[in-house]
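**Q** Residue numbers (our numbering), protein chains in the order written: chain A, 1 to 199; chain B, 200 to 319; chain C, 320 to 843.
Take these hints with a grain of salt, some might be off.
[Claimed, not checked] Computed far set for chain A versus chain C, every beta-carbon distance over 10 Å:
| id | residue |
| --- | --- |
| 1 | Ala36 |
| 2 | Val67 |
| 3 | Ala93 |
| 4 | Val98 |
| 5 | Ala99 |
| 6 | Leu111 |
| 7 | Val115 |
| 8 | Trp120 |
| 9 | Ser123 |
| 10 | Leu133 |
[As the list claims (entries may be wrong)] Derived coverage of chain A by chain B (criterion: at least 3 residues anywhere in the stretch with Cβ under 8 Å from a Cβ of chain B; other residues may be distant):
| id | region |
| --- | --- |
| 11 | 12-20 |
| 12 | 50-63 |
| 13 | 101-109 |
Hints are computed from structural coordinates only; laboratory data are not their basis.
Glycine included, each C-beta is placed from N, C-alpha and C at the ideal position.
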Amino acid sequence: MNIADGVQVVSFAVLALMMLGAALGVVLLNNIVYSAFLLGLVFISISGLYILLNAGFVAAAQVLIYVGAVNVLILFGIMLVNKRQPFAPVRSAWLSKVATAVVCLGIFALLGTMVLATPWQLSTEAIAGDGALVKIGLHFFSDFLLPFELASVLLLMALIGAIVLARREYLPDELEEETVLTLPERPRELTSSGSRSNP
Amino acid sequence: MFVLSGYEYFLGFLLICGLVPVLALGASQILRPKRSGVERRTTYESGMEPIGAAWIQFNIRYYMFSLVFVIFDVETVFLYPWAVAFSKLGLLAFIEALIFIAILVVGLVYAWRKGALEWS
Amino acid sequence: MDFATLAAQLNAGTILPEGIVITTLLVVLVGDLIVGRSSNRWTPYVAIAGLLGAIVALYYQWDLSDPISFLGSFNSDALSIVFRGIIALSAAVTVLMSIRYVEQSGTSLAEFIVILMTATVGGMFLAGADELVTIYVALETLSISSYLLTGYMKRDPRSNEAALKYLLIGAASSAIFLYGVSLLYGLSGGETRLSVITTNIAANNVDQSIGVVIALVFVIAGIAFKIAAVPFHQWTPDVYEGSPTPVVAFLSVGSKAAGFVLAVRLLVSAFPLVSEQWHFVLTALALLSMILGNVVALAQTSMKRLLAYSSIGQAGFVMIGLIIGTEAGYASMIFYLLVYLFMNLGGFACVILFSLRTGTDEISEYSGLYQKDPLLTLALSICLLSLGGIPPLAGFFGKLYLFWAGWQAGAYWLVLVGLMTSVVSIYYYIRVVKMMVVKEADEMSESVKNYPASDWNLEGMRPLQVSLIVTLVATSLAGILSNPLFALANGSVEKTPLLQSSLNTAQTALVDQSVATSSTPAPL
Numbered sequence: 001m002n003i004a005d006g007v008q009v010v011s012f013a014v015l016a017l018m019m020l021g022a023a024l025g026v027v028l029l030n031n032i033v034y035s036a037f038l039l040g041l042v043f044i045s046i047s048g049l050y051i052l053l054n055a056g057f058v059a060a061a062q063v064l065i066y067v068g069a070v071n072v073l074i075l076f077g078i079m080l081v082n083k084r085q086p087f088a089p090v091r092s093a094w095l096s097k098v099a100t101a102v103v104c105l106g107i108f109a110l111l112g113t114m115v116l117a118t119p120w121q122l123s124t125e126a127i128a129g130d131g132a133l134v135k136i137g138l139h140f141f142s143d144f145l146l147p148f149e150l151a152s153v154l155l156l157m158a159l160i161g162a163i164v165l166a167r168r169e170y171l172p173d174e175l176e177e178e179t180v181l182t183l184p185e186r187p188r189e190l191t192s193s194g195s196r197s198n199p
Numbered sequence: 200m201f202v203l204s205g206y207e208y209f210l211g212f213l214l215i216c217g218l219v220p221v222l223a224l225g226a227s228q229i230l231r232p233k234r235s236g237v238e239r240r241t242t243y244e245s246g247m248e249p250i251g252a253a254w255i256q257f258n259i260r261y262y263m264f265s266l267v268f269v270i271f272d273v274e275t276v277f278l279y280p281w282a283v284a285f286s287k288l289g290l291l292a293f294i295e296a297l298i299f300i301a302i303l304v305v306g307l308v309y310a311w312r313k314g315a316l317e318w319s
Numbered sequence: 320m321d322f323a324t325l326a327a328q329l330n331a332g333t334i335l336p337e338g339i340v341i342t343t344l345l346v347v348l349v350g351d352l353i354v355g356r357s358s359n360r361w362t363p364y365v366a367i368a369g370l371l372g373a374i375v376a377l378y379y380q381w382d383l384s385d386p387i388s389f390l391g392s393f394n395s396d397a398l399s400i401v402f403r404g405i406i407a408l409s410a411a412v413t414v415l416m417s418i419r420y421v422e423q424s425g426t427s428l429a430e431f432i433v434i435l436m437t438a439t440v441g442g443m444f445l446a447g448a449d450e451l452v453t454i455y456v457a458l459e460t461l462s463i464s465s466y467l468l469t470g471y472m473k474r475d476p477r478s479n480e481a482a483l484k485y486l487l488i489g490a491a492s493s494a495i496f497l498y499g500v501s502l503l504y505g506l507s508g509g510e511t512r513l514s515v516i517t518t519n520i521a522a523n524n525v526d527q528s529i530g531v532v533i534a535l536v537f538v539i540a541g542i543a544f545k546i547a548a549v550p551f552h553q554w555t556p557d558v559y560e561g562s563p564t565p566v567v568a569f570l571s572v573g574s575k576a577a578g579f580v581l582a583v584r585l586l587v588s589a590f591p592l593v594s595e596q597w598h599f600v601l602t603a604l605a606l607l608s609m610i611l612g613n614v615v616a617l618a619q620t621s622m623k624r625l626l627a628y629s630s631i632g633q634a635g636f637v638m639i640g641l642i643i644g645t646e647a648g649y650a651s652m653i654f655y656l657l658v659y660l661f662m663n664l665g666g667f668a669c670v671i672l673f674s675l676r677t678g679t680d681e682i683s684e685y686s687g688l689y690q691k692d693p694l695l696t697l698a699l700s701i702c703l704l705s706l707g708g709i710p711p712l713a714g715f716f717g718k719l720y721l722f723w724a725g726w727q728a729g730a731y732w733l734v735l736v737g738l739m740t741s742v743v744s745i746y747y748y749i750r751v752v753k754m755m756v757v758k759e760a761d762e763m764s765e766s767v768k769n770y771p772a773s774d775w776n777l778e779g780m781r782p783l784q785v786s787l788i789v790t791l792v793a794t795s796l797a798g799i800l801s802n803p804l805f806a807l808a809n810g811s812v813e814k815t816p817l818l819q820s821s822l823n824t825a826q827t828a829l830v831d832q833s834v835a836t837s838s839t840p841a842p843l
């Protein structure tokens, strides 16, 4: 084993340990803010793994989108809610935790066996390496053109939906005149908060 | 097999960056006098006395901005390979990218008109 | 790749219908931005015109000589054309129904239409997607717009709850689906086109691997979530109850049709190597859906929940056609979906109208409606009876054809369970009809006593009336004058190379099997 391979093995071990530890922390910690920050660490470790797999662009995109945008969004989402109610301890909560752990370990064992038992077909093409970005560009505009263009519609709709859901609604006042028709489907409870504008 | 170039420097920087806090904290751990008292826990020299917890309620505006940011961040990632491979792609790809951008510009105009870009 | 000749290879004309829908969507969005809220008077009609225009464009693609476009990403065969038509039509009817509803809830109409049309575009692309990446992006376009639509009434906590549940379960299921798809990619040695995946898997000698089975299970989990088959149905009742009713109408028809076409394309073209396994899994899902959907519907008190469970049961019926996999099976499945489009949308149009006038969707509140609103009673009765399968309505012929095809193919258990659960379903549909028609004047519910006089001249009521009448007429006549629909369903199966080739291989396999062993048990 030469030094380059050794460095790779060590980096892989460090990244994998970091990722597993952070992922366990995301799931097991009680403080949701810590979980969110650890999620960022998980994303960073994954992008490190991408680099080890010669996918530099994917790694950069991972950091840019997941760490830079999605994780920040998650943090803002958490910080918007100013309710830190301690969860009431559930009786025999350990039972469900054990059940979850058993199910997760079972799935892990199944998938692990599958991965080891399958004779994977490795591509014989040369590794693109630094030229991968150009290749991705060529694919975007030839055989993956349709999903590429569809992604723009998807992004447009996501933007509209996000703004519709997050913006402060101006309360329409032309509703008052309608007495013939009532508003559909009043909420069952929470009538005070749910139908403030619809007397 | 690892073929990406330029990551040796990255690794070197990573090591140095990792060492800086370890060395700084480790050195002070060794060198500093070990005394404890009430004074030691107060804010050092300047700055305000902290009031309340660090976990405060954020304004919803931050959320709006980061939502819009996510969308355009993804758009950037999509357009970056186009820019890199531009010289090999030709006119057709230029038109295709224009369609992509045009659809998203409608989204930008929408966000702007609906006041999602204003800090009000 | 030669980029000079790329334009000719793309064959982009096949996505003209989707192009029309996207253009209309942008017109609605920009029109709303320029004019403001007063654009509500014309945007819905532009949207409907665009959707109908897309259907006309689909009609002209029926005899396309070269359906493969975008270098194998999209396959505009007859199967996809029928399903794209179903999705576009259901969206058009949904727009008609939603105008008054959205106006009255005080939310903005143009955005609602834009998101609904994006969902339509996603569903239409999904119907023709022939490659894994396209499938996933189209699926996400459909799903994410569905989540947004579900939570569109954001001042209603029930709508919020529904959106959150739908989002969480949907995200989980689409992650599972993606995992299964990625296994396919790996097993086939880095291939994303569905038509090549099977040959590659067979060539790589991994067809007996456990990986293919796991990929199959994960993919089915994702699809079953979309078509709301038991046991992946848990989201359905809550989401249907909480969402705005027009959205539920679209989800139960358009989104479900997209799920079915995805199932057909993916299972038939990418999983022929494990065809026994997927038939077994789907049979179990169909049996469970028919039994659980129809039995639990008996206990419902809310009309929307009733229709939710009934749609689970209906999905079970439709799956029979997919499982038997004969020519008649596929054709009957398409025919049933066409009929289901009209009767289910008609049912939801009635529920919308009733809840607009009374503000409730409890079944008990419908009692005595006949004396106040005969038209609504008639329409709802016809649609419910058709869903139950009472002759001579459209649903009866749909079920007849499905069960007949199932019986021919030897799927006796499926057909028997289907027949029995149909009888159960008739019970709960008739219960609602009886509630509306038979009750005396003094048994009238409070809501019906205060029932406002029918005023169709209010803004947005006319389109609702149109959608009601159209679905009513289609439901009552599609059974008797069903020849065009039959011809459409049969023609689409005949013209689809994918289905034809699978039929041929199935036939040769059957012959081989009968030669090898003369006493093979009939498939379930």
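**Q** May I ask you to check that A/Val115 keeps its beta-carbon over 10 Å from the closest beta-carbon of chain C?
**A** 8 Å, violated
**Q** Evaluate the condition: distance from the CB of A/Ala93 to the nearest CB of chain C exceeds 10 Å.
**A** Holds, because the least Cβ-Cβ distance between A/Ala93 and chain C comes to about 20 Å, which exceeds 10 Å.
**Q** Are all beta-carbon distances from A/Ala99 to chain C longer than 10 Å?
**A** For A/Ala99, whose nearest Cβ neighbour in chain C is about 17 Å away, the distance exceeds 10 Å, so it holds.
**Q** Verify the coverage statement for the region 101-109 of chain A against chain B, using a C-beta to C-beta distance below 8 Å and requiring 3 or more qualifying residues.
**A** violated (count 0)
**Q** So A/Val67 supposedly isn't at the interface. Is its beta-carbon more than 10 Å from every beta-carbon in chain C?
**A** 19 Å, holds
**Q** Verify the coverage statement for the region 12-20 of chain A against chain B, using a C-beta to C-beta distance below 8 Å and requiring 3 or more qualifying residues.
**A** violated (count 0)
**Q** Classify the label on A/Trp120 as holds or violated, using whether its beta-carbon is more than 10 Å from each beta-carbon of chain C.
**A** Nearest chain C Cβ is 6 Å from A/Trp120, so the label is violated.
**Q** Taking 10 Å as the cut and beta carbons as the points, is A/Ala36 off the interface with chain C?
**A** 17 Å, holds
**Q** Beyond 10 Å from chain C, beta-carbon-wise, is A/Leu111?
**A** Per Cβ check, A/Leu111 is inside 10 Å of chain C; nearest 7 Å; violated.
**Q** Quick check for students: does the CB of A/Ser123 sit more than 10 Å from each CB in chain C?
**A** 5 Å, violated
**Q** Count residues of the region 50-63 of chain A with a Cβ under 8 Å from any Cβ of chain B, then say if the count reaches three.
**A** holds (count 6)
**Q** Taking the minimum C-beta separation from A/Leu133 to chain C, is that value above 10 Å?
**A** At roughly 16 Å from the nearest Cβ of chain C, A/Leu133 sits farther out than 10 Å, so the non-interface label holds.
Hints 6, 7, 8, 9, 11 and 13 from the list above are not met by this structure, while the remaining hints are.
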